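If you read the sequences in order, they're chains A and B. At position 168 of the first sequence (counting the first as 1) the number is 183 in our numbering, and the numbers step up by one without a gap. At position 457 of the second sequence (counting the first as 1) the number is 470 in our numbering, and the numbers step up by one without a gap.
There's no promise every hint is true.
Across the chosen pairs, the derived CB separations fall in these ranges [what the hints assert, rightly or not]:
id, chain 1, residue 1, chain 2, residue 2, range
1, B, H470, A, S161, 26 to 36 Å
2, A, Q155, B, G255, 44 to 54 Å
3, A, A115, B, A467, 58 to 68 Å
4, B, D604, A, S161, 15 to 25 Å
5, A, K73, B, G544, 31 to 41 Å
6, A, S161, B, G544, 44 to 54 Å
7, A, W210, B, P566, 52 to 62 Å
8, B, G416, A, Q155, 49 to 59 Å
9, B, D624, A, A208, 58 to 68 Å
10, A, D106, B, A632, 49 to 59 Å
11, A, A115, B, K607, 43 to 53 Å
12, B, K607, A, A59, 36 to 46 Å
With a straight-line Cα cutoff of 30 Å, these simulated DSSO-like cross-link-like pairs (lysine-lysine) come out [stated by the list, open to error]:
id, chain 1, residue 1, chain 2, residue 2
13, B, K551, A, K73
14, B, K585, B, K575
15, A, K108, B, K605
16, A, K148, B, K575
17, A, K108, B, K607
18, A, K104, B, K551
19, B, K551, A, K148
20, B, K508, B, K551
21, B, K605, A, K73
22, B, K508, B, K607
23, A, K108, B, K575
24, B, K585, A, K108
25, B, K547, A, K73
26, A, K73, A, K49
27, A, K104, A, K49
What the hints contain is simulated information worked out from the structure, not anything from laboratory work. Computed from a predicted model, the values in this text were never measured in an experiment. Glycine included, each C-beta is placed from N, C-alpha and C at the ideal position.
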Amino acid sequence: MKKPLCLTVCLLLAAGLAQGQRRERIRILPDEEKYFSVGLQGGAFFGQDVDLQEIYGKSLPFFGAEATLRLPVSEPHGLDLAVGGRLLKADGKTTYTGEATRLRLTNLSVAIRYSYDSGRFAIVLGPGMDYIKYQETFTQPFPVPSITGNTVGFNIQGTVYFHLTAGLSIKGYGKYSGASTESPGFRVNLGGAEWGGGVLYRFHF
Amino acid sequence: MNWKSLNHRQRTAAFFFILSFALAPALPAGTIRFSEVSLQYQVRGYGYFGSKGCSWVDVNNDGKLDLFVKVQEGPSTPKNVKDILYINYGASFADEAVARGISDGYVYGTHGAVFAPLFGSLRNFDALVTTTYGGVHPAVDRLYRNRGTGFFEDATSSIVPAQTEDHAGRGVAVGDFDRDGDLDLYFTNPLPDPFDSSLEPSLALPNFLVNNGLGNFTAMYRGIDWSAFVSGVAAADIDGDGDIDLAEAKWKAPSTIYLNDGAGNFRDAGTDWQLPQSDIVTEKNGVSFGDLDNDGDLDLAIVGERVAASLVGSVFLYKNGGDRFVFSQRVDTSRSQGNRVGYQVSFGDFDQDGYLDMYFGGENIYRNDGTGLMVLVPASVSGLAASFGAVDPRGLGLGDFDGDGDLDIYLTDTAGPNLLFRNEVNNSDWIQVEIVSDHLGAVAGFGSKVDLFAAGHLGESAYLKGHREVQAEYGFCGQDQPSAHFGAPASGGAKYDILVRFLDGKTKSVLNVTPGQRIQVAAVFPPLGFGITKVENKALFYRETIFELSWKPNPLNLTIAKYELYDVTEGKTLIGEFPGTQFETTLRNMDKTKAYRLALTAVDEWGSESDPAYSTSTAGTVVNISRRRASGKILKVVK
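Only chain A is shown next, with the shape it has when bound in the complex:
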């Protein structure tokens, strides 16, 4: 998994640098600039659920991808529409018997965010919705082989982009999400904080 990811990141970086060379300068704040970006991201999820923390640990790494469409409103202000996905996998042990378990959380999120883009950097802030698909698998002699399900939640996130070239940016972001599932007799909180970074390539219209 790491090799394709690195390869993709390298390709994005090379493509961005190449476009920067071709346009000769970074367009800092073009009027009515609209752009579409795609990128890869990774980070760590800090779940709130104490059982999640006990079973899988307090920070869980993930990777994902994001696509955004920036619509300028009154430069440097604009609207940012984002669609993203995240895959989290973690290995853990049941609390009493210590039997191996594996967690797989797949998030799909959409967001409408306020965007401030200075041309050199951009700040994006806003709410979103999450669709979370979860799967937990167990080993014998745990009484069930796996549990699967899905739920929806909300999130609010803020991102800072640094434009390296006209086509290439890196970002750092923080996100707080709230989501839970109800099982007979107990509730699982899938919300928590998420910190991460990424690289993205922009297509200008």
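Since the structure of chain A is provided, determine the placement of chain B on it from the hints.
Same frame as chain A, but now just chain B:
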């Protein structure tokens, strides 16, 4: 012990012991043949005599029957006579009563003494030894606690309050008379001079030592009046109602039976049971029980002497009719005038043909004809000519001292040497049942009933081949080996089923037993400390409720083959079986919202199952233990 450690006499005895086995062919079935071997085994008692009775019992737990001889000072014996404890060393016996702390040196000696598990673990034979008051105060009965090695310590202080009256005891009896889970004691003549003609004919004297369960005994009156000199006493379930009754042989008063109301209170039922109330035999000395007709109840023998112009000893046999005794036979001594005889008979299947025969102490053997009728076996056939040489025979005991499966006889003689008769039948037509742990966890299982059936017909009275009740002292101060001996002919490949009924009514069976074996039987007790710990085992999206079950082995159990776990919440469902060495298990994926009731039983090698130990879990609550388990255990998933 090795050959070099033996002295000359012991070597000679060992030589004869080995030689006798080497040269002894098996006698034809139905043959009764004894050899007198008291000199060979060095068990003749004191040279000045004075023996009154005996007890066959393995005091040192070495698997061999030892022999306690009750000795009293007599006209020609010195005072301060000590009792004898012959330790069985296989080839010979050695008196170690003094060294082992049970010589009981009351100046006028001992008559009755009984060995039974009274203290502590109940795995050893402790003793009550009566005293025979002879003018020296105090004359108190003594309790001895066996330390487990055949060495004793005086535990008379366990009688609370301490005895103040002098006693002139004869027979003693033991049993859980009040059925409260411990062995009580009964002793005769709790007064200094039982021959005092000025005494009231009916005295309510405290003649029971009632066990409080902690090894302390309190003298109590429980309904048996002292009405005359009591000689022998026997304890047995006479009326078949499951509790232990008593019978007494008396002088100058009717010998009688006392029926137990189940709580340890007795009433004289001699008249109701149609025992003779006229003074047929003036001095009745012994009372013995045995199922002579293999009908599952205990028949009665009363032995005594007619003190008239001629001294004639007689045995009166009564068949048990369920609610009465029916006189069946009288056997008179064949001795010449002047030799006293008439103290005790013992029933044993000497020829191992399946029916109890009778040995009349100091007389001869009588063979059971299969209906309970006793037929004389001439001394020329039985080899018991020496029995007629006993000068004043008293108590006797039956025991397989040489471990060859048949019953041997030890006869005490207060005016001559004691006699040991070795049974030479030497075949495999026998089964011995030894209760190593009864419903109290006690060795011997006094009061337990042991029935022998033809294999495949357990419990069918038509196939009953023998009925025994494990008794302690009986007759006149005699105590047999504390196990049940059956003649069990092996011809045709016959096999047998054994049914043991403990005093609490619970039974245990051993099936398909081939003759020629000693079967050890133990009651099975439920495990201790059976408990449930309810634990939640968490994954993120699944909460599993786990029952951690644990228990402890019951120390009263000897060998446990397995434990069986049942869900008895609704009905009874076997959940699992676990080896006898496992004391915990885990039940997984239990319903947290449900209240469970679980039962755990112990099962022995014969398949006998104990009463269950129960444990209950309440609904809802969960003890949340976050620790992870250090090691894997057998896990059982309940679907």
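Worksheet item: Given the proposed pairing of K104/A with K49/A, does the C-alpha separation stay at or below 30 Å?
Response: Violated: K104/A and K49/A sit about 35 Å apart, past 30 Å.
Worksheet item: Does K73/A lie within 30 Å of K547/B when you go C-alpha to C-alpha?
Response: Distance of about 27 Å is within 30 Å: holds.
Discussion item. With the threshold set at 30 Å, check whether the alpha-carbon distance from K108/A to K605/B stays at or below it.
Written reply: Holds: K108/A and K605/B sit about 21 Å apart, inside 30 Å.
Worksheet item: Falls inside 49 to 59 Å, the C-beta gap from G416/B to Q155/A?
Response: Holds - the Cβ-Cβ distance for G416/B and Q155/A, about 55 Å, lies within 49 to 59 Å.
Discussion item. What's the verdict on K551/B and K148/A, does the C-alpha distance respect the 30 Å limit or exceed it?
Written reply: holds, 20 Å
Discussion item. For the hint 43 to 53 Å, verify it against the beta carbon of A115/A and that of K607/B.
Written reply: violated, 28 Å
Discussion item. For the hint 58 to 68 Å, verify it against the beta carbon of A115/A and that of A467/B.
Written reply: holds, 60 Å
Worksheet item: Okay, D604/B versus S161/A on CB: inside 15 to 25 Å?
Response: 21 Å Cβ-Cβ, so the 15 to 25 Å window holds.
Fill in: K585/B paired with K108/A [C-alpha distance capped at 30 Å]
Not satisfied, since the Cα-Cα distance of roughly 35 Å exceeds 30 Å.
Item to complete: Using the beta carbons of K607/B and A59/A, state whether their distance is inside 36 to 46 Å or not.
Response: About 41 Å separates the Cβ atoms of K607/B and A59/A, which means 36 to 46 Å holds.
Worksheet entry | Satisfaction of the hinted span 49 to 59 Å by the C-beta atoms belonging to D106/A and A632/B | Cβ of D106/A to Cβ of A632/B: about 34 Å, so the range 49 to 59 Å is violated.
Discussion item. Holds or violated: K108/A and K575/B, Cα atoms, limit 30 Å.
Written reply: violated, 33 Å
Checked against the numbered hints given earlier, the structure breaks hints 1, 6, 10, 11, 16, 20, 22, 23, 24, 26, 27 and satisfies all the rest.
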